[in-house]
Amino acid sequence: MAVYSWPSREATAVIGKEYDRLDGLAKVTGAAKYTYDVNLKNQLVAVALGCPHAHCKITKLDVAAAEKTPGVVAVHIFEHAAVGSEVQWQGELLAVVAAESEAAARAGVDTIKLEFEELDVFTEDENLDAAEKAERTGKGGGKTELEREPGDDDDEDEFIEQEIARLFKASKYVVEGYYGIDAITHCCLEPHGSTVEWKDGKLVAYLSTQNVSGTDEGFARDLKLTSDDVEVKCDYIGGGFGSKFAPDYWAVAAAKISKETGRPVKFLLSRDQELKIAGNRPSGYMRVRLGADENGVLTIWDSHHWGTAGYKGGGVSQTVMPYVIRPKNYRRIATTIKSNTAQSRAWRAPNHPQACAMSQTAIDDVAAKMGANSYDVFAANLRAGNVDSQHPDAANTYLAEMARGAALIDWKANWHAHGKGKSRGSIVDGLGMALHTWGGTANNSDCRLKISPDGGVESFCGSQDLGTGTRTVIAQVLAETFGLGIRDVRVNVGSSKYPASGASGGSTTVGGVSESHRRAGQDALEKIFELAAKELGAAANSLEAVGGKVRVKGTDKAISWKKACTLLGLKPLEVTASYKRGDQSTLSSSGVCGVQMAHVEVDKETGVIKVKKFVAVQDQGLVINPKTCKSQIYGAMIMGIAAALYERRITDPKSGAFVNAELADYKLARLGDVGDLVVDLYEPESERSRGVIGNGEPPAISPKAAIANAVANALGVRVPVIPLTPKRVLDALAKA
Amino acid sequence: MKAFEYASPRTEAEIVDLLSAEPGKTEILAGGTDLVGLMKKMIVTPDRVVNIMDVPTLRSIDELPDGSVSIGAAVTLDDVLAHPYIDIYPAIKQAIRGISSMQLQAQGTLGGEVCQRPRCWFYRNGDGLLSPDVAEGANEFHAILGNSGPAKFVNSSRIAPALIALDAQLRVVGPEEDEQFVPVAAFFRSPHREGQREHVLEPNQFVSHILLPPIEGRTCATYEVRHGEGPDYPLAAAAAALQFDGFGIVRDANVVLGQVAPMPWISQEAADVLRGRKVDEALAETAGQAAVSRATPLSQNEFKVQLAKVAVKRAILLAAGYETGGF
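First to last, the sequence lines map onto chains A and B. Convert by adding 8 to the 1-based position in the first sequence; the result is the number in our numbering. Convert by adding 926 to the 1-based position in the second sequence; the result is the number in our numbering.
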């Protein structure tokens, strides 16, 4: 069996080179068919009634008029909406109407008679006192870690209190602060949903999903089929960010209606439903006290944070606090809050962005209190070993990345102490930084590779391309392996009928598909070499595939790739390969760092913030395609600017209604708001030799804290809760 | 969207014939960037939509014998922006540029912009225009002036403050052959009961033209405080038109705030501060302060008082040819 490995940097022809996405042209010309674009002959269009109230008991749900509405073919009431049921958040789907047209379905929905008893509503997740009063809080766990241990005779609780008090007393600097970050929604441009049809008793589901190979089971379970009876297809997806792993009950409903009516059904959520029910990120708010020595090295951290992940409670996990910069002595406690909002879904690096936004802002306030350079305080903590990261050589990597970031943003020249910069009229500027970490382990991935006697190379893998370039990366891996160009190979992803591959979540895709395709490629190549060896009169292990040829290494003796493949005879060569998550491999590993630095301007009269320049330095092991890799980081930075300055779920304090569940009111960063974005891929040999690591998550973590710190540096005042809206900036300035 | 009848007349007379006297039965389509969204959400459910984009008399910009400029209601915002006749009214161009959306500017029209419905999310989510929940609800972006009645939304037009500051008039046609000229300043009203519109048009009347009087040496500007660079509505805005004597003294002034009240808010107080004085930053600041002196913010929007003050100050400075500060 081949020893799986990557060629050295010098020996690569395709890997590490920038390529446009293979499907780029199809996308920009509109030829690419997203789930929303799939329209099947004779299809019905389904539209759902969402619950208008954030917490109520259904007392009547009469669909008789809907059933009689012209054009309506079927009406389905969801089980959770039966009379007597309690609905816990606004927008939850109650009934769905399938009709000949969207207009007819909407007209049908409009006739549904809904009555409900209003129940108590709570959505003020920032207000811990109010949550306690409303009996909405729960324990979110906690941990205390102290270097000194209690003596045999000590009461443990008493010891902890005394030891924490002692550490604070011994600290040169003590910062007490309040920090927070509101809930945001995934806001997928393509809403959740599917178009489904039955063929010969089997279900074909065109589903907007991050999990092609895993959602067939979800349909099968709910429809009492086996996975073999379901094919999930997704060629292109318009955004998922962690919210599209399951079929969801609405896609299952579409399948049921399709079966019942014998017609294909198209059912995608409306925009407000998408924002209200199809994914959000938990909020987090924290009170913290921290102590530091004369260099700003943290000696003690004592925090309590709270927030909500929805009606079941939940919130930001306490396990990631304090984030990356972690002293040896700390106590962290979390409280969960039950809010009448839909339950959260995984959002790009679950828990990390909030933890980073809450804790690295507090660390920056140590620098502010000291009048020190934030860079020095972060560096001092790293040098002192106050670091908690998934990267095996974290402190050194962060320090190296910080140095590169500082050069790119000209930290030294642009730095001033907090609030001490020169102002230009009402405009002040500031610098801020933050650090992050993530795993990015390769996911399970199987693939099948077919080499045809005419030299054609085609792969099949039940992965999906979220728009991040998965197809292109697979093509590069195969092209590199066979010494071909990336358009000489044909890549197939996006069907559950292909060999199973893991869901695209957790930054696991690039590692997984690189593993499976490199393995299959090397196995296939070994067989081709065996055949070519006879032809070339050389040993199989002396051959290489380069430049469209199979060649005896170090000689001119070669046959073309096509010629080598004719040696297969009449039948194509088929190879399958499998990678199981966690298998040790030189092809992939996990654990990254990442540093981001922001330079912002703030108008003190209006509270408006502009990002001038934003730098991301990111390691991710071996980079297959620097272009798509950088694109992923640009996207994360833009998403981060949106979350730092603009976006949040706004609920009405009385009714709990999610009032800005429309893109017109749900503010996001636009092109003019993102400033000068600079991405630096950190890939020295020490990183490259670690193999492929995913980078979907990590660059989306730091933006909030980096920008908030830059604003605090500009103003000399902390704006505690993110997003940093003009209102919050003005409120913070007024309080100061 | 409810099924509707679509009419695309060619003359003003045909438009009038197609409009119903009954509220809500017919709607005018003048670009559709607002109307179509409202219809999709079934906030408005007309039986008939009357497209005025194909009426040639509503699509031109002309100079009238008295030096006024007449802009057809169906002229797109981009066409207004590009037209040389409008160069002397920078307040209008600045307001259009602030929209920052190729799509809205290419498709939206001046008449549609002035008559657009409020962005209030209570209204857009189907709770009506005068929802009693606003006073203690999610009212961060609602009115801080003129909000003692049932209306607490803000008028969303970005160009109306400039039109009022410039003493513009609207030509209103209908019912039947009626034609009248209404100052933009008298066009808007604060509704007192659900179903009332935010302007004085009867259901069977429509705005055919916007008439800008000759500039006659006045200077003008619009300043919007915007959260970001995108096509979101401003948090507060103001337009100012100033008439100077030969010595840099303000002889007359109009100051109109946008996005702060159920109607564009004419600030007599700010104008009074300016009259007879020389504009400098301190005076503009005082005028800004005067403009918000009667502000009555709601539970969540006190910050808008500061923003409105700054908008007025900067609009005055810009109109007077000074640096405004800010970005």
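Derived from the structure by calculation, the hints contain no laboratory data. Keep in mind that a hint or two might mislead.
Stated by the list, open to error - Restricting the straight-line Cα-Cα distance to at most 25 angstroms, the calculated cross-link-like pairs of lysine to aspartate or glutamate (DMTMM-like) are:
id, chain 1, residue 1, chain 2, residue 2
1, A, K430, B, E1207
2, B, K967, A, D118
3, A, K618, B, E1211
4, A, K735, B, D943
5, B, K1019, B, E1228
6, A, K620, B, E1103
7, A, K621, B, E1155
8, A, K207, A, D118
9, B, K928, A, D45
10, B, K966, B, D988
11, A, K535, A, E466
12, A, K621, B, E1207
13, B, K966, A, E110
14, A, K141, B, E931
15, B, K928, A, E670
16, A, K743, B, E1211
17, A, K377, A, E609
18, B, K928, A, E123
19, A, K612, B, E1211
20, B, K967, B, D1059
21, B, K928, A, E157
22, A, K662, B, E1207
23, A, K620, B, E1228
24, A, K618, B, D1198
25, A, K35, B, D980
26, A, K49, A, E239
27, A, K180, A, D160
28, A, K662, B, D1059
29, A, K735, B, E931
30, A, K458, A, E609
31, B, K966, A, D673
32, A, K264, A, E157
33, B, K967, A, E239
34, A, K743, B, D1059
Said to hold, decoys possible - So the derived label-pair ranges between C-beta atoms look like this:
id, chain 1, residue 1, chain 2, residue 2, range
35, A, D418, B, G1202, 46 to 52 angstroms
36, B, K966, A, R495, 39 to 45 angstroms
37, B, D992, A, S109, 20 to 26 angstroms
38, B, K928, A, R495, 45 to 51 angstroms
39, A, K662, B, D988, 28 to 34 angstroms
40, B, D988, A, E126, 54 to 60 angstroms
Here a beta-carbon is modelled for each residue, glycine too, at the ideal position from N, C-alpha and C.
Inset, instruction - Would you mind confirming whether the straight-line C-alpha gap from K966 of chain B to D673 of chain A stays at or under 25 angstroms? - result: holds, 16 angstroms
Legend entry - K735 of chain A paired with E931 of chain B [C-alpha distance capped at 25 angstroms]: Between K735 of chain A and E931 of chain B the Cα gap is close to 44 angstroms, so the pair fails against 25 angstroms, i.e. violated.
Legend entry - Agreement of K49 of chain A and E239 of chain A with the hint, judged by alpha carbon distance not exceeding 25 angstroms: With a Cα-Cα distance of about 18 angstroms, the restraint between K49 of chain A and E239 of chain A holds, given a limit of 25 angstroms.
Inset, instruction - For the pair we were handed, K141 of chain A and E931 of chain B, check the Cα-Cα distance against 25 angstroms. - result: violated, 54 angstroms
Inset, instruction - Starting from K928 of chain B, check that the Cα of E123 of chain A is at most 25 angstroms away, please. - result: holds, 23 angstroms
Inset, instruction - Confirm or reject the claim that D988 of chain B and E126 of chain A have a C-beta distance inside 54 to 60 angstroms. - result: The hint (54 to 60 angstroms, Cβ to Cβ) holds, given that D988 of chain B and E126 of chain A are roughly 57 angstroms apart.
Legend entry - Cβ separation of K966 of chain B and R495 of chain A, checked against the hinted range 39 to 45 angstroms: holds, 42 angstroms
Legend entry - Pair hint K621 of chain A and E1155 of chain B, alpha-carbon separation not exceeding 25 angstroms: Holds: K621 of chain A and E1155 of chain B sit about 16 angstroms apart, inside 25 angstroms.
Inset, instruction - Quickly compare the C-alpha distance for K618 of chain A and E1211 of chain B to 25 angstroms and report which way the hint goes. - result: holds, 24 angstroms
Inset, instruction - Given the hint that K662 of chain A pairs with E1207 of chain B, test it: the Cα-Cα distance must not exceed 25 angstroms. - result: Violated, because 42 angstroms separates the two Cα atoms, which is more than 25 angstroms.
Inset, instruction - Quickly compare the C-alpha distance for K535 of chain A and E466 of chain A to 25 angstroms and report which way the hint goes. - result: holds, 16 angstroms
Inset, instruction - Starting from the hint 20 to 26 angstroms, judge whether the C-beta atoms of D992 of chain B and S109 of chain A obey it. - result: violated, 52 angstroms
Consistency with the previously given hints fails for numbers 4, 5, 6, 8, 10, 12, 14, 21, 22, 23, 24, 25, 27, 29, 30, 32, 33, 34, 37, 39, ordered from lowest to highest.
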